[in-house]
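**Q** The residues making up each chain are set out below.
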Amino acid sequence: MKKVNDGIPASASRRKLLTGAAGAGVLTALGATRVLADAVGSSGALGFAELPDGALSEQMLYALPGKVPLIKKTFRPPNFETPIDYFRAPVTPNNAFFVRYHIADIPEVKAEEWTLGVGGESAGRELKFTLSQLRKEFKAAETMAVCQCSGNRRGLFEPHVAGVEWGVGAMGNALWRGVRLKDVLDKAGIKADALEVAFDGADHAVLDKTPDFVKSLPIEIARNQDTLIAFEMNGKPLPHWNGFPARLVVPGWTGTYWVKHLVSIKVISKPETNFWMSTAYRLPRGKFKTPSFKSQVGEANEPITTMVVNSLIASLKNGQQIPHGKPLEVKGIAWDGGAGIAGVEISADAGTTWRIARLGKDLGRFSFREFALAIPARERGSMVVMARATSRSGETQVEQLIHNPAGYHHNVIQRLDLKIV
Amino acid sequence: MMRTGIALFAFALAGGAAAQEAKVVLKDGPGKDKAMQCAACHSLDYIQMNSHFLDKAGWTASINKMINAFGAPISKEDVEPIADYLAQNYGKPAAK
Numbered sequence: 001m002k003k004v005n006d007g008i009p010a011s012a013s014r015r016k017l018l019t020g021a022a023g024a025g026v027l028t029a030l031g032a033t034r035v036l037a038d039a040v041g042s043s044g045a046l047g048f049a050e051l052p053d054g055a056l057s058e059q060m061l062y063a064l065p066g067k068v069p070l071i072k073k074t075f076r077p078p079n080f081e082t083p084i085d086y087f088r089a090p091v092t093p094n095n096a097f098f099v100r101y102h103i104a105d106i107p108e109v110k111a112e113e114w115t116l117g118v119g120g121e122s123a124g125r126e127l128k129f130t131l132s133q134l135r136k137e138f139k140a141a142e143t144m145a146v147c148q149c150s151g152n153r154r155g156l157f158e159p160h161v162a163g164v165e166w167g168v169g170a171m172g173n174a175l176w177r178g179v180r181l182k183d184v185l186d187k188a189g190i191k192a193d194a195l196e197v198a199f200d201g202a203d204h205a206v207l208d209k210t211p212d213f214v215k216s217l218p219i220e221i222a223r224n225q226d227t228l229i230a231f232e233m234n235g236k237p238l239p240h241w242n243g244f245p246a247r248l249v250v251p252g253w254t255g256t257y258w259v260k261h262l263v264s265i266k267v268i269s270k271p272e273t274n275f276w277m278s279t280a281y282r283l284p285r286g287k288f289k290t291p292s293f294k295s296q297v298g299e300a301n302e303p304i305t306t307m308v309v310n311s312l313i314a315s316l317k318n319g320q321q322i323p324h325g326k327p328l329e330v331k332g333i334a335w336d337g338g339a340g341i342a343g344v345e346i347s348a349d350a351g352t353t354w355r356i357a358r359l360g361k362d363l364g365r366f367s368f369r370e371f372a373l374a375i376p377a378r379e380r381g382s383m384v385v386m387a388r389a390t391s392r393s394g395e396t397q398v399e400q401l402i403h404n405p406a407g408y409h410h411n412v413i414q415r416l417d418l419k420i421v
Numbered sequence: 001m002m003r004t005g006i007a008l009f010a011f012a013l014a015g016g017a018a019a020q021e022a023k024v025v026l027k028d029g030p031g032k033d034k035a036m037q038c039a040a041c042h043s044l045d046y047i048q049m050n051s052h053f054l055d056k057a058g059w060t061a062s063i064n065k066m067i068n069a070f071g072a073p074i075s076k077e078d079v080e081p082i083a084d085y086l087a088q089n090y091g092k093p094a095a096k
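Heads up: the protein sequence lines correspond to chains A and B, in order.
Residues in the first sequence are numbered from 1 upward in steps of one, following our numbering.
Residues in the second sequence are numbered from 1 upward in steps of one, following our numbering.
Derived by calculation from the structure, the hints in this document are not laboratory data.
Just so you know, not all the hints are guaranteed correct.
[To be verified] Stretches of chain A that chain B covers, calculated by requiring three or more beta carbons in the stretch to come under 8 angstroms of a beta carbon on chain B:
1. 66-79
2. 92-101
3. 157-168
4. 199-207
[Stated by the list, open to error] With the Cβ distance kept under 8 angstroms, some of the chain B side facing chain A (calculated, not the full set):
5. Ala17
6. Gln20
7. Glu21
8. Cys38
9. Asp45
10. Tyr46
11. Ser51
12. His52
13. Gly58
14. Ser62
15. Ala69
16. Phe70
17. Gly71
18. Gln88
19. Tyr90
[As the list claims (entries may be wrong)] When the alpha-carbon atoms are kept at most 25 angstroms apart in a straight line, the in silico PhoX-like pairs for lysine-lysine are as follows:
20. B:Lys34 - A:Lys209
21. B:Lys92 - A:Lys209
22. A:Lys317 - A:Lys419
23. A:Lys128 - A:Lys317
24. A:Lys209 - B:Lys23
Glycine included, each C-beta is placed from N, C-alpha and C at the ideal position.
Could you build the full structure based on these sequences and the hints that come with them?
**A** What follows is the structure, given as structure tokens:
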């Protein structure tokens, strides 16, 4: 049987997961109504530092065409966040998947007119593929993987930093299906001097002077068997807002590299130097232990690469009153940059003692991993519940925010104050 | 140069989003008309979203990023009045 990543039988798991996703859709349709009645997307309500007051008052639930109501951060370019309710399932439904664009001219690409150009000075030859050619000429490949915006949870930074003030929902997990980028590159041929591969989408800026959104990857990541050109998400064509008809899928790496509406792939011998690589999406050098994008390392900073280990309790709200005598169910999801989740610990006493949560089914090392722990009924009074995920590479969530100018990699341990009444 | 036709096309695709965006209004005050230039490239909710934590220097840095990195056609003379308007209406409250 064909295996996906960490050994999930592809066909069987896929069927089951899709059923799961459909089930989540029903659950979350009800959930959305509840969110409407609540304050929309308050990070304080989830036990984190609160979003900037202006972001809180300006955001609202709004449904883009083909999407359920999502948390609107900005209309143009569209930046919409997935509400917490959808993270009670390990796979995020397509119509609830977050939307993130940098530039506002987003054409509605027609599948039959779309072509993908492959070339660049370090490619053996220039090739052009239609969607049906790509499907026909290359072996299909799929992977379950988290796509998370580099700036997910930026709004929770203290002190606040400028940018899209995301809460916790600029992320989602899906089964991506398409062809391996490596196979496509091999067909074009890769010269010995190849250093990076640069990707461009069909979206453009409103002004000619604004840098087009182009991202590059190290050649070895582009040649990694996990890196896909995906056409499908959870068994359906990609939604327009998530990159129809084809997008890059770079499991473990932050969303900025997952170029949507992909139209051009260039194998290059020198570092890509446009604004989105040389200035944006950078971290102070050496501040995080994530892998280095060697050809892009600068004096003071370096590009963001893989996600840091993180978790989210989705079953409880900060300040929630729990009826006395009932056990408390702490449930949520954990993920990291591709080592996989080794364990999630739960504390019910503000971090003094920790108990190991039960992990849900392993859907692959790039996927959300569910966790759950029942805490026995307690005496009346207040309690503080926390969750702390650890990856298989031994990386654990942090107690104190590692502040950085652009607001990336927030993986501070969540802290929920509850009352047993 | 603005690619107006394409921008409008994108608006049409977003359907009701354009109508919703029109409801995003900036506070009245000196310099508002100049700050409205920002809407050429992005919806004005970017401004509310980033309030109230930037001081005048922070807003000036944002405007300069729009000009220098993104090519926003904002004249040099307009930087100061826009920064004043944003600091006044969407800035960090003065320490007391």
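**Q** Measuring from the C-beta of B:Ala69 to each C-beta in chain A, is the shortest one below 8 angstroms?
**A** 6 angstroms, holds
**Q** Could you check if B:Phe70 really has its C-beta closer than 8 angstroms to a C-beta on chain A?
**A** For B:Phe70, the interface hint holds, since the closest Cβ of chain A sits about 5 angstroms away, which is under 8 angstroms.
**Q** Please check whether B:Ser62 passes as an interface residue: C-beta within 8 angstroms of a C-beta belonging to chain A.
**A** 6 angstroms, holds
**Q** Apply the coverage criterion to the segment 92-101 of chain A and chain B: a residue qualifies when its Cβ sits closer than 8 angstroms to a Cβ of the chain, and three qualifying residues are needed.
**A** violated (count 0)
**Q** Is the hint on B:His52 kept, meaning its closest Cβ partner in chain A is under 8 angstroms away?
**A** The hint holds - B:His52 has a Cβ within 8 angstroms of chain A, the shortest such distance being about 6 angstroms.
**Q** Do the numbers back the hint for B:Gly58, that is, is its least Cβ distance to chain A under 8 angstroms?
**A** 7 angstroms, holds
**Q** Per the CB criterion, is B:Gln88 less than 8 angstroms away from chain A?
**A** 14 angstroms, violated
**Q** Can you confirm whether chain B covers the segment 157-168 of chain A, using C-beta to C-beta distances below 8 angstroms and requiring at least three such residues?
**A** holds (count 6)
**Q** So, B:Tyr46 near chain A? Judge it on the closest CB pair being under 8 angstroms.
**A** With a minimum Cβ separation of about 5 angstroms from chain A (threshold 8 angstroms), the hint on B:Tyr46 holds.
**Q** Does B:Lys92 pair with A:Lys209 here, judged by a C-alpha cut-off of 25 angstroms?
**A** 31 angstroms, violated
**Q** Holds or violated: are the alpha carbons of B:Lys34 and A:Lys209 at most 25 angstroms from each other?
**A** With a Cα-Cα distance of about 20 angstroms, the restraint between B:Lys34 and A:Lys209 holds, given a limit of 25 angstroms.
**Q** Interface hint check: B:Gln20, Cβ to nearest Cβ on chain A, cutoff 8 angstroms. Holds or violated?
**A** 6 angstroms, holds
In this structure, the hints that do not hold are numbers 2, 8, 18, 21, 23 and 24, in rising order.
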